[in-house]
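Chains A and B, in that order, are what the protein sequence lines are.
Note that the working numbering has the first sequence beginning at 1, numbered continuously upward.
Note that the working numbering has the second sequence beginning at 1001, numbered continuously upward.
Honestly, the hints are just simulated from the structure, not real lab data.
A quick note: this is a predicted structure, and the numbers were derived from the prediction, not measured.
Misleading hints may appear alongside valid ones.
Said to hold, decoys possible - Here are some chain B residues pointing at chain A (derived, C-beta under 8 Å):
| hint | residue |
| --- | --- |
| 1 | G1027 |
| 2 | N1048 |
| 3 | T1066 |
| 4 | S1068 |
| 5 | D1072 |
| 6 | E1073 |
| 7 | R1075 |
| 8 | T1076 |
| 9 | F1082 |
| 10 | S1084 |
| 11 | L1099 |
| 12 | K1103 |
| 13 | Y1117 |
| 14 | M1152 |
| 15 | I1156 |
| 16 | V1212 |
To be verified - Some chain B residues flagged as far from chain A (calculated, every beta-carbon gap over 12 Å):
| hint | residue |
| --- | --- |
| 17 | L1049 |
| 18 | E1110 |
| 19 | V1171 |
| 20 | M1195 |
| 21 | E1215 |
For each residue, glycine too, the CB sits at the ideal point set by N, CA and C.
Read off the chains here:
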Amino acid sequence: MNRVPLPPDLIGGALGIYERYAPLFWFGVRNTLIISLSATVIGLFIGLFFASLKQLKIDKKDNTIVKFSKVVLRVIANLYIEIFRGTPMIVQAIFLYHGLRPIIGWTPLTAGIVIVSINTGAYMAEIIRAGIQSIDNGQYEASRSLGMNHLLTMVFVILPQAIKNAFPAIGNEFVVNIKDTAVLNVIGVSELYFQSTAVAGIVFRFRDTFLITALIYLFLTFTTTQLLRIAEKKLDTPEGLVGASSSSSKNFFGFKRKGGSS
Amino acid sequence: MIDIQHLSKSFGKQEVLHDISLNVQEGEVVCLIGASGSGKSTLLRCVNLLETPNAGKIVVDDIDITASFNIDEYRTKVGMIFQSFNLFPHLNVLKNCTLAQRKVLKRTVEEAEQIAYENLKKVGMIDFATMNVTKLSGGQKQRVAIARALCMNPKILLLDEPTSALDPELVGEVLDVIKDLAKSGLTMLIVTHEMSFAKDVADKVVFMDQGVVIEAEHPSILFNNPKHERTQAFLARIVHQ
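Using the sequences and the hints, build the whole thing.
Listed below in structure tokens is the structure:
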């Protein structure tokens, strides 16, 4: 039915390709979003877990077994973080997908979610750790002095604040994941990049096809960034500079100063 | 109630507390005074085990807290007030007061809130219950911190320079709250630079210098008739300021 040849120029070609193959692109977008969103959320929890392990402190009063298990857990956390931050995700994807397929027989999509999750988890662990370090030690002391143990203190006092402080970096991981899921084409996940190569293969117009691909990726990351920025402001309002009170925010931007208060 | 015996504490090679012995009776208010770096705060933090002593014993209610025991249970009985308040900024005033009650003492929400309201009333902060703690003034923050500690029904309250981070005009409201607590018979150990407050409220004033207790006397004796040279020198400096 598409016997009419595509226009030879970039814009015309791209528009023509989009018109004919839009559903293929959007199927890829769907998978890209499913993987990057779920992997960011799962990765956040993995990160929280490993960041908490790295936080374990050895107390003089601990007995040998407790000391030993703390050391082992910390070593595991460090190994995990170093290995998954220190190797390319494309290599992890091929190795894990093919390595585990004979054993658990997973689909490329499941494998994709798992691989991006554990990769993100390693980065999240470092982001959360930095978030924890940004919290004043007085918070920890105050909580412990109220009788809350280490775990209660982490869960109810330190982590809520650490996550809030680290929110921009956590959101950034999501944006990175939207782009980085492209590498999953090597294990045959039909995400946006994979679909694009399929389309380009049919029409044999790589330049024009990938202009569309680039624009879609840009649209996804731009929208996500804006949404995250709104969410960030919402989180900040109770105490942020802008939200402190309406008059002080005006002073901050220098609007009201000249005429009014000071 | 608190019996500190030959306590020593070092940070690395620096010895900050040297062979401290001190006794606090039930219902007594003891003020620790002395120059910065004399070890007052470290001594206070040892009683709560925020610092672990290197030598000596602290016996509270006939239990040696420096031996191995349930530290979290002990801490519910010993409230701590910090110079920098350390309220939880992600929670409002009421939730600051109910968190530990619910998670540690396993009180129900209603029970915890009722106790929180009672204590907020005591410190005059009941009208601020739903407010974000970051919007409070320093004096208000410290009063909430005191209410938060009282919600655990502590037997002892430790106060580490509770007014040092406050603007001068806010010091009074916090000291008034502490005075009321003193009248109610709560055992308190207070590190302070407010000499007239110490004079008013204390049953015993302890002067520390370079990690040792120089004198521990009733305020009327210590302020009017200090025996030791170093106490005299310190008080003279304070008066001249």
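Do the hints match the structure? See the list:
no. : hint  : in the structure
1   : G1027 : violated, 22 Å
2   : N1048 : holds, 6 Å
3   : T1066 : violated, 10 Å
4   : S1068 : holds, 6 Å
5   : D1072 : holds, 5 Å
6   : E1073 : holds, 7 Å
7   : R1075 : holds, 4 Å
8   : T1076 : holds, 4 Å
9   : F1082 : holds, 6 Å
10  : S1084 : holds, 5 Å
11  : L1099 : holds, 6 Å
12  : K1103 : holds, 5 Å
13  : Y1117 : violated, 18 Å
14  : M1152 : holds, 6 Å
15  : I1156 : violated, 12 Å
16  : V1212 : violated, 25 Å
17  : L1049 : violated, 9 Å
18  : E1110 : holds, 19 Å
19  : V1171 : holds, 20 Å
20  : M1195 : holds, 26 Å
21  : E1215 : holds, 29 Å
The structure fails to meet hints 1, 3, 13, 15, 16, 17 from the earlier list, while all remaining hints are met.
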